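Order-wise, the sequence lines are chains V and A. Residue numbering for the first sequence is 1 to 205, as defined by the numbering used here. Residue numbering for the second sequence is 206 to 953, as defined by the numbering used here.
Hints were generated in silico from the structure; no laboratory data involved. Quick caveat, the model's predicted, so the values are computed rather than measured. Worth double-checking, as some hints may not be accurate.
Here are the computed lysine-lysine pairs in the BS3-like style, where the Cα-Cα straight-line distance is at most 25 Å [stated by the list, open to error]:
1. A/LYS577 / V/LYS198
2. V/LYS198 / V/LYS133
3. A/LYS505 / A/LYS522
4. A/LYS499 / A/LYS545
5. A/LYS462 / A/LYS491
6. V/LYS181 / V/LYS126
7. V/LYS114 / V/LYS133
8. V/LYS60 / A/LYS583
9. A/LYS597 / V/LYS60
10. A/LYS808 / A/LYS705
11. A/LYS705 / A/LYS366
12. A/LYS394 / A/LYS370
13. A/LYS257 / V/LYS60
14. V/LYS60 / V/LYS113
15. A/LYS468 / A/LYS428
16. A/LYS370 / A/LYS462
17. A/LYS599 / V/LYS60
18. V/LYS133 / V/LYS149
19. V/LYS60 / A/LYS545
20. V/LYS60 / A/LYS522
21. A/LYS808 / A/LYS752
Below, each chain spelled out in residue letters.
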Amino acid sequence: MSSNTIKYRNSFLREVEANVEEGEWVRMCMQCGVCSGSCPLGPHWEHPPQELFMMIRAGKREEVLSSSSMWMCTSCYNCIVRCPRELPITHIMHGLAHYAHKLGLAPKNQPTKKFAQLFWDNLSKKGRVNELKLGLSLYFMNGFGEGIKTALKMKDIGLGMYKAKRMNPFEIFGGHGCKDKKGLQAILKKAREIEDAKADQYPKV
Amino acid sequence: MAEKKKLGAYICKGCGIGDRLDIAQLKKTATREGKFAFAKDHDFLCNSDGVKMIQADIDAGEVDHIMIAACSRRAKTDAFRFDNVAMSRANLREGVIWVRPDTEEAEETTQEMADDYIRMACAEVKFMNPPSPSGEQGRVDHVLIVGGGFTGLTAAVEIAKAGYKATIVEQTGNLGGIARQLYKRIPTKAPYIDPQDTGIDALIKQVEENDNITVHLNSTVTKTSGAPGRFSVDISQESGSTKTENFGSIIQASGFKLYDANKLPEFSYGKSPDVVDQLGLEALAKAANGGAIKRPSDGKEVESVIFVQCAGQRSEKEGHLNYCSGHCCMTSIKQAMYFKDTNPDIDTMVVYSELRTPGAGGEDIYRSGQQKGVTFTKGIVSEVTPNGGNLKVKFKDLILDEEVESEADLVVLATGMEPKSGVNIDAIIVEEEEDESEENSKTIPIVPAESVLNLDYRQGPDLPQLVSGFTDSHFICFPYETRRTGIYAAGPVRRPMDMKQASEDATGAALKAIQALENAALGRAAHPRAGDLSFPRFRKEGCTQCKRCTVECPFGAINEDEDGYPVFNEARCRRCGTCMGACPVRVISFENYSVDTIGQAIKAVDIPDEFDEKPRILVLACENDAYPALDMAGMNRIEYSAYVRIAPVRCLGSVSMSWVTDALNNGYDGIILMGCQKGEDYQCHFVKGSEMAHTRMSKVDDTLTQLQLETERVETHEIAISDIQRVPEIINNMAATIEKIGMSPLKF
């Protein structure tokens with residue numbers, strides 16, 4: 001019931017449209033709530049998608065970007081399939097999460113966020129996912145002791161995978177990558193520069 | 206009684222009738238009991254050969270009263286259409302063989318059922334006469350249109366295009382009405398993206414250049430009398446001169462006025478010039494003419510604007526309109542586009558509680574608004590206050606569930622439409638009644654209003670209003686049809702609407718008006734008994750001048766002469782027979798429908814002895830909904846009791862109490878009346894018929910008690926055409942009730 005003084009001006013909507021992947025779709029939401037009703041994790045979201053869209057239009061920049069909501073998306077695509085206005089809701093959720101992370105506004109200990117970072121770091125180094133390293137870094141994500149415990153628990157599965165030739169222990173030393181690693185790094189660097197230039201027009205925090 | 210009548214019966218053997226029923230027996234019933242000159246059967250009566258057989262008999266002068274025993278009177282009406290004869294139909298297919306099982310033990314009762322329907326149809330036609338003209342018919346190919354706004358102009362053009370003449374009477378000095386005040390109109394064509402030109406100037410030009418359209422500006426209708434085909438109308442100029450002209454039919458397109466936003470002090474209308482209603486914004490947009498829209502207070506270019514939907518409407522608050530005006534959401538989207546199309550950086554927000562965009566293009570218009578960057582916020586505005594140079598808008602965001610405030614340069618209030626329908630004739634009647642009994646002191650406030658039509662009718666000077674002042678008789682079933690025959694309402698006076706709907710309305714009403722004058726010229730009834738050539742007559746010697754017929758006629762068709770006798774206006778009559786049902790001395794009748802035709806049919810039924818254990822149930826079924834529902838039960842082969850005898854009536858309003866008392870005295874064990882839904886959401890085709898029948902029947906218990914009969918023996922039901930499962934249940938329940946309480950003792 002707090003009477004705040006949101007201006008309901010469109011500045012944040014314009015920011016989202018310019019910076020968030022598929023953000024130009026936000027204005028097309030008609031608030032029917034089908035996305036929120038279709039989401040299998042719906043009850044666990046702080047703000048369901050349709051509410052996020054309304055908050056964007058209401059100019060609630062900080063509340064939206066620091067929300068854990070869009071990190072809850074599991075990419076099941078139910079919302080996209082059902083949206084009567086054909087909004088790419090899943091993509092917008094990822095776009096919002098990405099934008100919030102880049103601005104440093106995303107919640108600090110969000111597990112999805114942590115995993116996404118590990119995945120990205122793992123992938124962007126050589127252009128290929130190193131599953132062994134990714135798995136290990138997940139084991140040790142929450143400290144050394146926790147990592148050892150998880151590793152011991154999973155040892156039978158690991159041995160089985162090794163015997164079935166589904167896991168190569170030598171991947172721990174560097175591992176395989178794509179053909180032109182330097183080229184890939186250059187592409188990623190350029191993309192980052194373009195995004196940053198766009199985002200610089202808007203406040204950082 | 207029927208000395209000169211030449212009676213002939215025709216019995217069809219098709220559709221399984223011949224297999225299931227004893228045709229020879231049926232023929233015997235018609236000739237011996239019905240006293241018909243002959244009875245012929247045919248294998249397939251509705252084919253060309255069968256029809257030819259009947260027509261040949263008619264042409265040879267052998268028959269002028271025919272009884273056709275075949276399918277329902279609602280089926281094969283094209284085949285069984287014969288001119289200048291009286292005709293009745295016995296329903297052996299939907300009414301007998303299709304509702305009875307094809308078993309040996311059912312055979313006897315099924316045959317009895319068929320025999321009774323033959324007896325009923327024979328009796329009915331004996332008391333009919335072939336329709337004869339009244340001499341009242343008139344033909345005037347000229348339609349009067351009251352109101353020279355968009356609706357009236359469109360109707361005039363449509364009428365002229367169809368080859369008839371039209372006269373427009375416009376109160377102000379200009380044609381075009383409110384449409385002339387608009388900058389642009391809601392898009393009407395795909396892809397429904399941008400507001401489009403109103404086209405009103407071109408329409409006015411079209412009217413002015415058309416030789417078949419006459420325009421009277423600064424004029425009003427000061428007197429309307431007569432009936433369809435012979436309306437006599439006084440058109441008075443502001444200067445005082447009056448001209449009387451004749452018209453075949455009338456279209457009332459008197460339009461609407463915008464709800465007075467001064468009644469909404471919470472929104473600061475009148476306190477700040479920057480709070481405008483939708484027409485106020487049209488004026489600003491017109492002044493800007495495609496340039497930047499400036500706010501009225503200081504001429505600053507508007508940078509932010511908030512549209513407040515449902516201002517003073519869709520609200521039960523005192524003084525507010527309780528209905529949705531239908532166009533305002535789309536109008537606000539259109540107006541927000543005025544801003545966005547000149548400068549996309551202008552913040553435009555529409556605060557709505559439910560966004561309603563009816564019509565084919567509605568959703569596309571909404572989408573186009575969103576595409577252009579109009580923000581839509583689901584919320585309810587509670588207050589608008591001047592705040593420095595700006596306006597502060599307080600509202601509750603219904604999605605985020607919080608009270609918020611926002612600022613804007615300009616606020617537009619979407620207020621509703623109020624119909625300009627003239628005098629509320631029902632309010633006057635209530636006032637009169639109140640003088641007699643002050644206990645029922647529920648007053649309808651009488652707002653002084655000038656009459657639009659000044660009808661010289663006994664029932665009041667204007668069209669009866671359906672709801673909230675709108676003049677219609679039923680929004681869904683009978684659009685444009687008012688309760689005054691030959692006078693059609695079109696445009697926002699009928700129900701709230703936008704220009705697109707108004708143009709469709711104008712076209713529809715124009716066609717209806719043409720149909721009405723054509724029907725009147727031939728002496729035929731208008732909707733819903735379209736084409737009926739009969740009309741009510743009364744026996745003056747028997748009339749007691751009680752005025753019940755003139756008061757109860759739902760269509761105001763009956764006037765009174767100086768002595769208080771009814772004066773029937775044939776072309777105003779819809780042939781419902783409500784007057785016939787109302788008349789306590791039974792002097793009103795039609796050639797093809799009277800107290801006798803149904804009364805004799807009821808009496809013709811063979812009532813078995815009390816100890817035969819074969820009760821008889823009479824159903825008086827409204828031919829508009831209940832009878833088709835019974836027919837459809839037959840089509841679906843839903844069985845019901847063989848003891849029932851169904852007599853279709855034009856409307857429950859036409860049911861004479863004498864039918865009920867006579868039936869009870871004749872030994873019927875139960876009576877069911879089936880009419881349409883009554884009350885506020887009525888579905889009665891004649892508006893009040895079902896309601897009046899229910900009122901009249903509420904007193905039937907006294908009659909039953911007098912006859913020492915159980916009150917359960919008479920029931921009245923409201924039936925919809927879709928009650929296909931329910932009607933057989935009602936019949937079977939009555940049969941079960943009779944089994945429980947026993948047979949009527951009044952069998953002789």
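We went through each hint and held it up to the structure:
no. : hint                : result
1   : A/LYS577 / V/LYS198 : 22 Å, holds
2   : V/LYS198 / V/LYS133 : 34 Å, violated
3   : A/LYS505 / A/LYS522 : 35 Å, violated
4   : A/LYS499 / A/LYS545 : 14 Å, holds
5   : A/LYS462 / A/LYS491 : 20 Å, holds
6   : V/LYS181 / V/LYS126 : 6 Å, holds
7   : V/LYS114 / V/LYS133 : 15 Å, holds
8   : V/LYS60 / A/LYS583  : 16 Å, holds
9   : A/LYS597 / V/LYS60  : 19 Å, holds
10  : A/LYS808 / A/LYS705 : 55 Å, violated
11  : A/LYS705 / A/LYS366 : 19 Å, holds
12  : A/LYS394 / A/LYS370 : 30 Å, violated
13  : A/LYS257 / V/LYS60  : 82 Å, violated
14  : V/LYS60 / V/LYS113  : 22 Å, holds
15  : A/LYS468 / A/LYS428 : 34 Å, violated
16  : A/LYS370 / A/LYS462 : 28 Å, violated
17  : A/LYS599 / V/LYS60  : 17 Å, holds
18  : V/LYS133 / V/LYS149 : 17 Å, holds
19  : V/LYS60 / A/LYS545  : 23 Å, holds
20  : V/LYS60 / A/LYS522  : 34 Å, violated
21  : A/LYS808 / A/LYS752 : 29 Å, violated
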